Structures are given as C-alpha cells and as structure tokens.
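Novice: What follows is each chain in one-letter form.
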Amino acid sequence: MRVNHVTEDELEAILAGEVNAAVRDHVHACTVCQEELKKWEAFLAAGSRWLPDPQTQGRVRQQAVMQALRRRPLRWWVPLAAAAAVVLAVGLATRWGERPKTNVDVVLEQVDMTLASDPLFAVADSQVVRVVVPETPSGERSES
Amino acid sequence: MAEVARWEQPVSENERELIIQVRRGEREAAERLLLLHEALMWRVCRALLPAGEDVEAAVQEVMVKVLQGVRSFRGEGSLAPWVARIAVNHCRDLLRRRKLLSFVPLSGSVDHDEEERVLRFPASDPDPERALRAKQGVARLVAALQQLPHRQREVFVLRFFAHLDLQGVAEALGGVDVGTVKTHLHRALARLRPYVLEAWP
Ligand SMILES: [Zn+2]
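Residue numbers (our numbering), protein chains in the order written: chain A, 137 to 280; chain B, 3 to 203.
Please keep in mind that the hints were generated in silico from the structure rather than gathered at the bench. These figures come from a predicted structure and were not determined experimentally. Heads up, the beta-carbon is just placed ideally off N, CA and C, and yes, glycines get one too. Any given hint might turn out to be false.
Said to hold, decoys possible - In silico EDC-like links for lysine to aspartate or glutamate, alpha-carbon gap of 20 Å or less: (1) B:Lys-184 x B:Glu-200; (2) B:Lys-184 x A:Glu-146; (3) A:Lys-174 x B:Glu-55; (4) A:Lys-175 x A:Glu-146; (5) B:Lys-101 x B:Asp-167; (6) B:Lys-184 x A:Asp-145; (7) A:Lys-174 x A:Asp-145; (8) B:Lys-184 x A:Asp-189; (9) B:Lys-184 x B:Asp-167; (10) B:Lys-184 x A:Glu-154; (11) B:Lys-184 x A:Glu-171; (12) A:Lys-175 x B:Glu-55.
Stated by the list, open to error - Counterexamples of contact, computed for chain A against chain B with all Cβ distances above 10 Å: (13) Val-155; (14) Asn-156; (15) His-162; (16) His-164; (17) Ala-165; (18) Ala-200; (19) Ala-219.
Isolated chain B, as found in the complex (with noise of 0.2 Å):
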C-alpha cells in the first residue's frame, strides 16, 4: 500500500521540498535528494567515461555541482533531466579535456561526421569467443557502448540508462529537439543490434 500512495504523489513535490531544504543547507535533505538521482549520475558517467578515466570523482563532482546549481533551479518538472544535463556536460568536458572528444555538441544537428567512423569489433583479442565470455556483462556492455558515436552513446545512455523519455533526453542534451534525439536513438540500437544478437547469447 505505501508503495501506491508513492506513486499517487508526484515526485516532483518531494523534489520541491527537498530542494528548499537544500537552500537552507540542510545536509541530510542535500543526500536525499542526491539518493534520488543517485544511480542516473553513476549508470550516465560510467556509460560516457573511458575506462582509465575516475568515475567516483566524477559523479563526486556531478553531484557537488548538482547541489550546488538546485540553489538557483527554476524549472517546474522533475530534476532528472537536469541532473542528467550536468552529468552529460562535466562528462564531455573530462573528455574534452583529455582530447578524446573534439565535437562541439550544442546544436541540434546530427554528426554526420561522426557517423562516417568506423564500427569497431573486438576482433583484436586472439580468442574472441572465449574472451567474450569470460569478460563479466559489464566489460562486454563498455564494449558496445564505445562503438557508438559519442553523441549516440549519450541518447542511448540516457534513454535505457537513466530512463528519461524522449523530452527528457532532449532536454539533458541542452534542448535539441525529440526529432534529433530519435535519429540518434535509432542509429544506436541500428549499430548496436548486431553486436548484442552477437555478443549476448
């Protein structure tokens, strides 16, 4: 039964609390509301980050600035979407920063030029199958995700990761516009598809 009168309440009015308590300084508000957004912040830097790259201190600072920015927050919907905004952009500038990430993502349009690079197979393991299977769901999942452009990677990621619908998404991605998320959307699970019939047996 609590768990429908949850749903019966929007989280959004939770939210709202929480983040006036959070104005306050309120500490144990700060971590509720951190918790609510917690594992989208942890699934969209681990996605997004190479793998030398120190996902703790990233999400460490996702989150700093999170608590930081609800401070002067002014939107009406859920924080998700915005949340995952700052997680998506301290995620391209770490990249950017360590020069693996050279488009400048803030318009709408699609990368075409991202779209021309090449599909990568782990065809450079000796045994494939069998370092397939040993490698844990994990490995295997970093494995596909790194075949996607990196602009798909963020719509995938943020869509089947974070679970934010298309407006949302869209909205994470600095306002381009749903259209723009489906044609990235789709070109992931295009590229993707014969990887996972493949790879997960």
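Chain A extracted, bound-state conformation (with noise of 0.2 Å):
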C-alpha cells in the first residue's frame, strides 16, 4: 500500500529538513503523503512549542546560575584553621609589638595557599577569603 509513499527512513529525513529530489516530487505529487505529513508537523510543532512561559524560564534559569556559582559552603575545618592561626598570629604580633594588620595579611596568605592546594575551591578562594576576614577576633579592631 506504501510501496511508494514514504517510507520511516525518507520520513525521518524529511522531518529532519534533509529530503532528496525524488521523495520531494513523490509528495509535490502525492496527496496521501502531504497529508501525512502536514499532520507529523502538526505533531512535531506542538514539541517545539513545548515550553513553559518566559517568567517561569527566567526564574527557573536565576535559580540556577545562582546555585551554580555561589561560594560554596566552607569545609568545618577551614574558618576554624583560619581562626586559629588568626588568634596566632595577632598574639605573637602583641608579644613582638608588630602591628597585627601585615600578620593578617600573612594568614590571609596562608588560608589563599590551603585553598588552593584544595581543587574543589580553586573557584570560590577570593570569596572564601572575603567571608574569612570579619571571623578575625575583636582584637582587630584596636586599629582605629
């Protein structure tokens, strides 16, 4: 019966926008296979609208990018490393009468180099150092 109508092979081919001569002059010429068709790209299109409304698109993608590319949660031991060798660091600086701000610095430096031997926050260290600094000890502020 479909010995010269489309076959699935020229189907999908036509569907797909890649038809050859011939199957294109057999459905110029064929009115069972237009129809066939007109109905396949009703059907297809109705997958191509297939799209929920802008609104809920631009949300769903928000969301995404920003749990994507948040800092990520620090691991327990690095703000308690950090503050630890921030409280070092400010006591020796009081013993040796150094200003604490170039030892912060140095610790600052230390937690950079932890987290970048860490591959997993080889992204969020600048951010990671941000949230590290208002965790130093009161005594920072004796600055002012």
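Relying on the hints, combine the two individually framed chains into one complex.
Specialist: Here it is as structure tokens:
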C-alpha cells in the first residue's frame, strides 16, 4: 500500500529537513503523503512549542545560576583553621610589638594557599577569603 | 543583516567565550550560556519525565550540572549534545529513583525486551474521540510519546525536539553508534505513525 509513499527512512529525512529530490517530487504529487506530513508537522510543532512561560524560564535559569555560582560552603575545618591562625598571629604580633595588620595579610595568604591546594575550592577562593576576614577576633578592631 | 552575521560565526565561538567567563564565575555569562540551550533542556526533561514529576526542579538541577560541569568541559564542538546528555542522564536517574526505568542503557545495543512492550493507545477513556479533542496538543503529545519505549523516546526527542543531528544524538546517549540511533529513530517513527495519523486531524 505504501510502497510508493514515504517510508520511515524518508520520513525521518523529511522531518529533519533533509529531503532528496525524488522524495520531494513524490510528496508534491501525492495528497496521501502531504496529509501525513501535515500531521507529523503539527505533532512536532507541539513539541517545539513545548516550553513554559518566559517568567518561569527566567526564574528557573536565575535560580540555577545562583545555585551553581554561589560560594561553596566552607569545609568545617577551614574557618576553624583560619580563626586559629589569626588568633595565633595576633598573639604573636602583640608579643613582638608588631602591627597585627601585616600578620593578618600573612594569615590570609596562608588561607589562600590552603584553599589553592584544595582543587574543589579553586573557583571560590577569592570569595572565601572575603568571608574569613570578618571572622578575625575583636582585638583586630583596635587599629582605629 | 544581523541574522546573516550570526550565521557566519560558528556557535561554538560564542560558547567558547562564555565557557571561559563561566569558569571565572561570571553570572551574566552563565545566564547567557544557559539561554543558548534552555529550550533543549526544557523539552528533553518534559518529554522524558512522567506527568507527576517536577519538571522545573529537574531543569534547574540539569542547569546547575551544566554550569558546574562546564568548568571541566574539554569538547571541541557545540555544547548541545553534551548538555542533552546531562539532561538525559538526569531524567534516567530520576526515573530509576522512582523505579520507573529498569533497563541499564549503557551499551549501544537495541533493547529488545523493551520492544516487546505492548503499544497502548488511550482507549480507556469512555469517549476517546471527544476526550482526545478536548486535550491540548501538548497532552496528546505526551500521550503519544508514552507509547514509546524509553530509549526510543530519548532518541526521538533528541532528534526532533532538541534538534540534534544523528551524531549529536549518539553523543547525547553516551557515545552509542549512529546506526543504533537510526534503528531506534525508525522504530519510534513506526510506532508513532498510526498514533499521529489517528490523533492529529
Ligand atoms: Zn505518497
């Protein structure tokens, strides 16, 4: 019955927009195949329109970006180690009469190095340091 | 004229830049990268997940995986097949978790056991014709796609809704050969054919 009509092979090519001349000629002359192709096109068009409203798309996209690019949660030992290092540095600085600021810089460098050696933190390192800074002991504020 | 200029520049050029920016943590680039493949992710997830599944949550998770995975993306071509692969695998994971998917689709072979599943037409409705007409196009689409074994549905959706070429579909399915993709695609078309002829006036 469909010996001369469009086969599944040809149908796939037609629907993908890769049609050869012989098939195109047949379809142009054959109302049966034209009818079928119209139905397939309607079917595929429904699939291509198959998207939520732009607001939903935008919201999901933005949530995904926030989730993917946000600062990763600190490992439990990172803030502890950083805080301990700062306390130690401030203590040493006080003992040797140095200004704590330079030591904090050194400590932050150490934190940087610790984080850099952890591949999972490679992306988030700069943000991590920014978070660590406010966690320095209150003794830091005596600078003013 | 702007259209022409865009065609002349390979898509992957723009993608390359965006990928580098995303690796630096730039949000705007991340959004633009997602925008390039957003429709693909929605269509794949919607077509492959069952009606009760939270498609929004699934798409969001796929997007997060894409943005995180892109940091280690080493491919040469367009991201599309790679993005599609993440979406397909995520849907498979969700279905497995719901115990709705039993086959392990890692090899390139055709799933003959799946082939033998009975083709179900929506005949359970008391007035199929009226019910069918009342449904939206999308609902009919879902019903039709549900007639397909999962692998055939994946191939069909990747080819015609995600608009990947045969090689891209093969990549998205984890590197199966193109011949396998064609086999599944032809079976899908053969199965859908009577449904499309009957249900699409
Ligand atoms: Zn014909």
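Novice: For a quick check of understanding: which of the numbered hints are violated here, in increasing order?
Specialist: 1, 3, 5, 8, 11, 12, 18
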